[in-house]
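The listed protein sequences correspond, in order, to chains A and B.
Residues 1 to 248 (the working numbering) are what the first sequence spells out, left to right.
Residues 1 to 248 (the working numbering) are what the second sequence spells out, left to right.
None of these hints come from the bench; they were simulated from the model.
Remember, it's a predicted structure, so these values are computed and weren't measured experimentally.
The reader is advised that the hints may include incorrect statements.
It does not matter which identical chain is meant; a pair holds if it fits inside one copy or across any two.
Lysine-lysine pairs mimicking PhoX-like chemistry, simulated, CA-CA at most 25 angstroms apart [unchecked claim]:
#: 1; residue 1: K114; residue 2: K218
#: 2; residue 1: K170; residue 2: K141
#: 3; residue 1: K201; residue 2: K9
#: 4; residue 1: K141; residue 2: K218
#: 5; residue 1: K239; residue 2: K201
#: 6; residue 1: K170; residue 2: K9
There are 2 protein chains.
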Amino acid sequence: MTEAAMTDKRVTAAVLVIGDEILSGRTRDSNSHYIAHFLLQIGVETREIRVVPDVEDDIVAALNALRARYDYVFTTGGIGPTHDDITADAVARAFGVEISEDPRAIALLLEQIKPEDLNEARRRMARIPHGAALVANPISKAPGFWIGNVIVMAGVPAIMQAMLDDVAPKLAQGAIILSETIDAPGLPEGAYAGGLANLAKAFPQVSIGSYPSLRDGKFHNQIILRGRDGTMLAEAAAKVRAMLDGVA
Amino acid sequence: MTEAAMTDKRVTAAVLVIGDEILSGRTRDSNSHYIAHFLLQIGVETREIRVVPDVEDDIVAALNALRARYDYVFTTGGIGPTHDDITADAVARAFGVEISEDPRAIALLLEQIKPEDLNEARRRMARIPHGAALVANPISKAPGFWIGNVIVMAGVPAIMQAMLDDVAPKLAQGAIILSETIDAPGLPEGAYAGGLANLAKAFPQVSIGSYPSLRDGKFHNQIILRGRDGTMLAEAAAKVRAMLDGVA
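Please model the entire structure based on the sequences and the hints provided.
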């Protein structure tokens, strides 16, 4: 592969958040934001996030839609010992494989739990779809797993983050996406939208977005440019800055 | 409709968040959480959240999947004046209707913008799919809109929240979902998972979830019960409390 071809390599991902507690507005999902930000640093682009309830049919349908479309699917939630933890079974069904208690997972649980406390509910955490590799959980031992292009992680943020650290070195890495952020304080979007549209057309390999935000009743907008080619990105950014100076 | 039938009425919704900035991990989406929490108070259950990029095909596909499945779809983002604001066009395409500058929307923009400043980019904010009703934006005037069962709102949180206030009185309201939260501090999920599973089976009309969280290296779990029948909910909650007392 040539250097130029390497630069274009694109690796995509989706995040599937599983849990009624997010949909009820009780819990604020912080995992999808963390994962998207983490993946961007290693050149993996998150292209979709979905949140679905603890309903097996819904999880299976989302898994199959997402794993067909993206290079990786990262799931969070639903791998604990309680009756509403059904992610592992849903993943096995999506892949059409058997699921059973995995001796490797039982061994890990026994590092944390006394043999006499390893009840039926806790053994549920050792149910792993056949053919899956385990993902280490240094915090509470109960592992995640990786099957096909689907990586199944815990919902508790600290544990999910540790699991992501475990899988990161094994992921295909894409070309790093570079970005430039340009502040446009005090300028309404409507003042520069025409000029920005022209530059977006002139630099098709640079993705240019305008992000308004409101503080104290005034817009404080940012323009973000993203691309894999640093030279082209710098050139586009210079033109955006010059265009804004002409408008202000 | 009898009182009993009223009590069972279920109204569902999905939230579709549109924007590259969420997927890149740059911006933390707070809108979906706000909407889910808001809707719950008026008896509308959020059953799915999706985040998609500023890509028309992706927006159209998600819109069509979600509007076929849920009573309402609430979108946020992509209705400003810049080239990456393509939500209105995507919605028109999803519904197979024309889109053009709406005189009602132009009149609203002119409340905020001087006629000589109403350039081509700003006029884009008045492009509304045919047949849509406008949603008021008391903050910056550029309206959202409502077509079929899809409600299109701004991405800036303060504006989105004002738009939600505008549409709320016009939404079909479901039976309010009641909830009881029971703390189980210090107890690991594995200690009560078996008992909880039995109670979940005994109360099929009550949704029972266990939500672990980690603070200072210790689990502080909560059990949440949800249901539309207050008496049954109270009965289930009493049994959960008794079960936890037996385990602790």
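Hints and how they fare:
1. Taking CA atoms no more than 25 angstroms apart as the test, K114 paired with K218 passes between copies only; the shortest distance there is 17 angstroms, against 59 angstroms inside one copy.
2. Proximity of K170 to K141 under the C-alpha cut-off of 25 angstroms is restricted to the intra-copy arrangement: shortest distance 20 angstroms within a copy versus 49 angstroms between copies.
3. In the homo-oligomer, the alpha carbons of K201 and K9 lie at most 25 angstroms apart inside one protomer (22 angstroms), although the nearest pairing across protomers, at 50 angstroms, exceeds that limit.
4. With identical chains, the CA atoms of K141 and K218 are at most 25 angstroms apart between copies only, with a shortest distance of 14 angstroms across copies and 49 angstroms within one.
5. Taking identical chains as interchangeable, the C-alpha atoms of K239 and K201 lie at most 25 angstroms apart only when both belong to the same chain, with a minimum of 12 angstroms there against 63 angstroms between chains.
6. With identical chains, the CA atoms of K170 and K9 are at most 25 angstroms apart within one copy only, with a shortest distance of 17 angstroms there and 48 angstroms across copies.
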